[in-house]
Amino acid sequence: MKKALTIAGSDSGGGAGIQADLKTFAALRVYGTSAITSVTAQNTVTVEGVYDLPPAFVEKQIDAVLKDIGADAVKTGMLSSAAIADVVCSRLDEYNLKNIVVDPVMVAKSGDYLLKEDARLVVKEKLLPLAKL
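When the letters of the sequence shown are read in order and numbered with numbering that gives the first Met the number 0, they come out as residues 0 to 132.
FYI, nobody ran anything at the bench for these hints, they're computed from the structure. Here the structure is a predicted model, which means the values were calculated and not measured. Among the hints, erroneous ones may be present.
[Unchecked claim] Computed spacing ranges between beta-carbons, pair by pair:
#1 T43 <-> K66: 33 to 43 angstroms
#2 N95 <-> T45: 33 to 43 angstroms
#3 T45 <-> I68: 18 to 28 angstroms
#4 G48 <-> R119: 17 to 27 angstroms
#5 E116 <-> G48: 32 to 42 angstroms
#6 S89 <-> G48: 21 to 31 angstroms
#7 S11 <-> N95: 29 to 39 angstroms
#8 G69 <-> E47: 27 to 37 angstroms
#9 P53 <-> E93: 26 to 36 angstroms
#10 G110 <-> M0: 31 to 41 angstroms
#11 S89 <-> T45: 30 to 40 angstroms
[As the list claims (entries may be wrong)] When the alpha-carbon atoms are kept at most 25 angstroms apart in a straight line, the in silico SDA-like pairs for lysine to any residue are as follows:
#12 K59 <-> G110
#13 K59 <-> Y94
#14 K115 <-> V49
#15 K1 <-> V49
Just so you know, even glycine gets a beta-carbon here, dropped at the ideal spot from N, CA and C.
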């Protein structure tokens, strides 16, 4: 069975983020794993709050999955801060991952901004060049 890792935020409304990614992986018969970057309090109308996990903990999640389970593909989503985006880029490079899909989550469906200004440059200059799609 193919394996995919999603590195993204958690959407309490279930319509986006790791929840949506894992549903998609399952529908495609892909074993899904995840590394959560941020936790949101959101629904279909608004984003009530965002809590970014510490970058070192994001790194630990990625390492835990890749050292044991591995990944045939990686999909990134919400990487709201420069520090989180830097850690993700570092791990993708360290593990020499090739099948990377980048979804540069910038704005929620409600119109709320999810990508902090400092992260935009990191995503553009470091993450997008790693992408296959």
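Taking the hints in turn, this is what the structure says about them:
1. T43 <-> K66: 33 to 43 angstroms: Holds, since T43 and K66 (Cβ atoms, about 37 angstroms apart) stay within the stated range.
2. N95 <-> T45: 33 to 43 angstroms: With Cβ atoms ~40 angstroms apart, the hint holds.
3. T45 <-> I68: 18 to 28 angstroms: 35 angstroms, violated
4. G48 <-> R119: 17 to 27 angstroms: Holds - the Cβ-Cβ distance for G48 and R119, about 21 angstroms, lies within 17 to 27 angstroms.
5. E116 <-> G48: 32 to 42 angstroms: 19 angstroms, violated
6. S89 <-> G48: 21 to 31 angstroms: 27 angstroms, holds
7. S11 <-> N95: 29 to 39 angstroms: The hinted range 29 to 39 angstroms holds for S11 and N95, with Cβ atoms some 34 angstroms apart.
8. G69 <-> E47: 27 to 37 angstroms: Because 36 angstroms falls inside the window, the suggested range holds.
9. P53 <-> E93: 26 to 36 angstroms: Hint violated: Cβ distance 19 angstroms, outside 26 to 36 angstroms.
10. G110 <-> M0: 31 to 41 angstroms: 38 angstroms, holds
11. S89 <-> T45: 30 to 40 angstroms: Cβ of S89 to Cβ of T45: about 33 angstroms, so the range 30 to 40 angstroms holds.
12. K59 <-> G110: This hinted pair is violated, its Cα atoms lying about 31 angstroms apart.
13. K59 <-> Y94: Roughly 13 angstroms separates the two Cα atoms, so the pair holds.
14. K115 <-> V49: 11 angstroms, holds
15. K1 <-> V49: 32 angstroms, violated
In terms of the numbered hints stated before, the structure departs from hints 3, 5, 9, 12, 15, listed from lowest to highest.
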